[in-house]
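A.B. asks: Each of the two chains sits in its own frame; use the hints to bring them together as a complex.
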Amino acid sequence: METPVITTTGLTKIYGADRSHGRAVTALDGVDLHVREGEVYGVIGQSGAGKSSLIRCVNLLERPTAGTVTVAGQDLTALAGRGPRAGRELREARSRIGMVFQHFNLLSSRTVQDNVELPLEILGRSGKERSRKALELLDLVGLADKARAYPAQLSGGQKQRVGIARALAGDPEVLLSDEATSALDPETTRSILQLLRDLNRQLGLTVLLITHEMDVVKSVCDSAALMERGRIVESGTVGELLATPGSELAAALFPVGGDASGDDRTVVDVTFQGDAATRPVISQLSRTYNIDISILGAAMDTVAGKQVGRMRIELPGSYEDNVVPIGFLREQGLRIEVPGREQKPVPAKEGAAK
Amino acid sequence: MTWAEFSARQPLLEQACWDTLHMVGWSTLIAVVGGLPLGVLLVLTDRGGLLQNVVANKVIGQIVNVARSMPFIILMVALMGFTRWVTGTTIGREAAIVPLAIGAIPFFARLVETAVREVDHGLVEAVQAMGGNTWTIVRKVLVPESLPSLISSATTTVVALIGYSAMAGTVGAGGLGDIAIRYGYQRFETGLMWITVAILAVVISVIQFAGDYAARALHARGGRSGAAPGPRLPRAEEPRTTDIGKVA
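In order, the protein sequence lines correspond to chains A and B.
Numbering follows the UniProt record's numbering, in which position 251 of the first sequence is assigned residue number 251; successive positions increment by one, without gaps.
Numbering follows the UniProt record's numbering, in which position 124 of the second sequence is assigned residue number 124; successive positions increment by one, without gaps.
Hints are computed from structural coordinates only; laboratory data are not their basis.
Small disclaimer: the values here were computed from a predicted structure and weren't measured.
Possibly wrong hints are sitting among the right ones.
To be verified - Now the stretches of chain B that chain A is said to cover, found in silico as 3 or more residues with beta-carbon under 8 Å:
{"#": "1", "segment": "113-123"}
{"#": "2", "segment": "140-153"}
Unchecked claim - A short, non-exhaustive set of chain B residues, derived as facing chain A with CB atoms under 7 Å:
{"#": "3", "residue": "Ala126"}
{"#": "4", "residue": "Ala129"}
{"#": "5", "residue": "Met130"}
{"#": "6", "residue": "Gly131"}
{"#": "7", "residue": "Gly132"}
{"#": "8", "residue": "Thr136"}
{"#": "9", "residue": "Arg221"}
Glycine included, each C-beta is placed from N, C-alpha and C at the ideal position.
Chain B with its partners taken away, still in its complex shape (with noise of 0.2 Å):
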């Protein structure tokens, strides 16, 4: 490829990061505000949690289950009804926002739900025997402790919304994706093709150490990887001892 192909193509090329942006960044941003109450929520009305709900439960972790085997590009087909109804359209970059979303919205509620799950429960039932209320517990509790794992799923969602977004070019959407595939690949612009895929590995390059930056920011101060910044003290970790009450 020389310069002057290059130059012909620039326009082109940040159109298309931008639309992959603006595609990505909205996405993500519905797929954590839809996510991360779903998330909890598996938690919260999982058998023994703080709103036991097994019917409910079941329900939510079906349909979380479903979405997420769903094939992105058969969603986006199947959902084009349902983004006509949100955007007025199914073509074009607002169009694939919607599918996008409703796609990550389970991946994200699954990786909330492992994060969640991993706060200890003491730390639940101190707040518990303070007279803290489920929300409370929600609030102080649940999602701050879980936040560096939060940043680190939010991260993984971003990624996988950038490769679901190479897909989104079947619905007129632009991106990357869909640069490589209508000039590299169809019209063989090779050359084309691997800056588009440079392009798309620095930027996911970028995303996940900017979030394991700050995952591992706010853990270490935290300190429960013992990674902690400042004096390492000794912690004492040896085994609770276990009475019938905590086996049971």
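The shape of chain A in the complex, shown without the other chains (with noise of 0.2 Å):
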């Protein structure tokens, strides 16, 4: 889990530059990301915040203005070259790294199968060896049945899959999902988050996925990155993450709500991750210090497949009268955030640098 398959470093998109005139829109503002092998790293930002640019750099399908971007320990932009067309290097390594479309871009012209073949026929491989394996990949994203069926008569979560077993047809290292579940419905969304998930497992493939959809994050990804302006502005993997102090991601991952009922109280977030949400903290707070304590929310959840939780409680009297029942709570590893309160600097924020 420790080599980086995909790594970016300064990376900087700049729309418009080479044009006299009109205005430049920065997309992406020196982005530093590591995607570790075998790990499904969310990248989650509202739209405009440059993660579509992000994603479309790592294959160079958008050129970078600047920086470097190594997939598999090569170096593309290297490859790039100066014009717009791309080359036979960097082509060849464009098909070692598999992509998925929001909007599924299968080709309507062919059938299920030969659009799985098509990335086969592009690597110049034979009829019989091509039919096998996208009979193969297609069974392993359960449409077996649907390998003569012409994308027009599918449904979009069925779309989705051919889209995904298409991108696996080169056997790629890596797997880049453009908001592959925005045009998905609820339902849709969970089983193709799943089927990614599996071949996460399965296949030890990096996956590498854009989206807007907080869930999205919340149901496959180790690792999560948040942009804004452009930039990464947090990121981590959803462990670490969830255990910093005033982490807008861990937030969102696990909101929980509630307001302070009198200006006399304080109003403290606790987080529970591993064995600590096991134990009786609340009780033994409770009885050690002889206080009344109100739970204004609480949810019990699963994060990237662990067990997290999350409880807004209130103490009587101010911030001050409880620093020490808020530092027993620090002292049993437990993630306490005082909301109101200057947060001290986040560790694992990155990328915001530049």
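C.D. replies: Right under this line is the structure:
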């Protein structure tokens, strides 16, 4: 899990920089990304945050203005050449990176099987090998019976399964997913994410996905990064993020609501992870300091396959009165946040340096 | 027109039909062979195209525009030298094919350009992401995906060529238009003129019907019009979320 498979350093993309007139738009502003082998890495951000530019820069569908992209030890930016056309080396490198798209991008003039065979045709494989591989992949994504159908006869979820099978045809080490579930309904989204997760586990496939849906990150990602205005403002494994005070991603991954009931009260957010989730810390706190604790909001959930609990509690008295009980909670290995108070600097921040 | 008069003219009409089909058939073939690459090239060399070359694009575009707006009868006269060089004569059926084809190439090329431009850019990107080169994209994406529109374009070209071919009589190429003018108009054989009109109407209808049928059959397979046979499933067609990257 340690070798980075995708690394970008100082990746910058400015649209309109080469034109003499018109406004230049900075889509990527010095992005450093490290995706480790065998993990599912999610980049989340709003429309316009630059995540789509980022993933398209990884296989150089979009030429970065500056910075480097390395995939599986190969510096793609060095292969790119100067013109807008991709040279042979870059094309060969691309054939080892699978990509799935929001709108599937299947050829309507070809059957499902022929769509999956397309990358193999480009690789120059024989007809026999192509059809064997295509049928094998269609079986893997659960569409063996649709081989002869045309994309127009499939539902959105089925089309995306074909898209995934096609992306896997060249035996890629890396799969890029550009909003693969954004055009699908919630039910289908779940099944496609499950498929990506299974492929990640079974084939050891590294997946870089971009999304604007927090649920996607929550259900499949091992690591995540938050993008804002062309920069990565937070990144890390989901566990690290949840343990980081003031992490926007953690708060978004796991929101807990509830307001203080009076002025003379202190609201504390407690995050339980791992074995801390099973210990009776709240009742210990109550007994040890003889204070009444109100629970404003609480939730348990599974994030990245781990049990995580989050609770917003209210203690009587001001923050100054509660320094000791809060210290007790911290000692128990819980992540404590006091909303409305200055947070400590966030150690997991990166990528925002430039 | 009596039956006897008609019988006397029948060989003439038959010959005229064959002349028209011969001229239109060959010139269509040449127009497709020449216009298809030209139309694809117009798309590829355009700004933002795969082979972006603004100068080449402007030059090809200008030639196509001029050739397209040239009245056919003038084109035919203007090209006489070239025609003689190609066929050895400026008179007759074979000689008429040269200006017909040259007139139809830019006509078809523009239609091809429009059809190929309609192909979703996402498909081009998908093939680029697989490592496909420009030739692969042309062969596996642009042409097959626009095939229904290309067939409609070819049909339109055939119909336009039938119209042009009526003027080919001026260089002694024969054909239905020639009969209508020389016999129907100049010799006041009104009945014969109406027969040529009827034949042309039937020929054009048959071609249009066949072309539409072929285009629809291909389209239905691809199902982009939603006219696909078999189960029609709801398709996700919500607008693509626009990032800066896609807008710029």
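A.B. asks: Next, verify each hint and record whether it holds.
C.D. replies: Hint-by-hint comparison with the structure:
Look at the segment 113-123 of chain B against chain A: 3 of its residues bring a Cβ nearer than 8 Å to a Cβ of that chain, three or more, so the hint holds. A stretch counts as covered by a chain when three or more of its residues have a beta carbon under 8 Å from one of that chain; for the segment 140-153 of chain B and chain A the count is 5, and the coverage holds. The interface hint given for Ala126 of chain B is met, as the beta carbon of that residue sits about 4 Å from the closest beta carbon of chain A, less than 7 Å. Taken as an interface hint, Ala129 of chain B checks out: its beta carbon lies about 4 Å from the nearest beta carbon of chain A, inside 7 Å.
A least Cβ separation of about 4 Å between Met130 of chain B and chain A falls short of the 7 Å threshold, and the interface hint therefore holds. For Gly131 of chain B, the shortest C-beta to C-beta distance to chain A is roughly 3 Å, which falls under 7 Å, so the interface hint holds. The interface hint given for Gly132 of chain B holds, since its Cβ lies 5 Å from the closest Cβ of chain A, which is under the 7 Å cut-off. Here the hint on Thr136 of chain B is kept, as its CB sits about 6 Å from the closest CB of chain A, short of 7 Å.
Interface hint at Arg221 of chain B: satisfied, since its Cβ lies 6 Å from the closest Cβ of chain A, which is below the 7 Å cut-off.
Of the hints listed earlier, there is not a single one the structure fails to meet.
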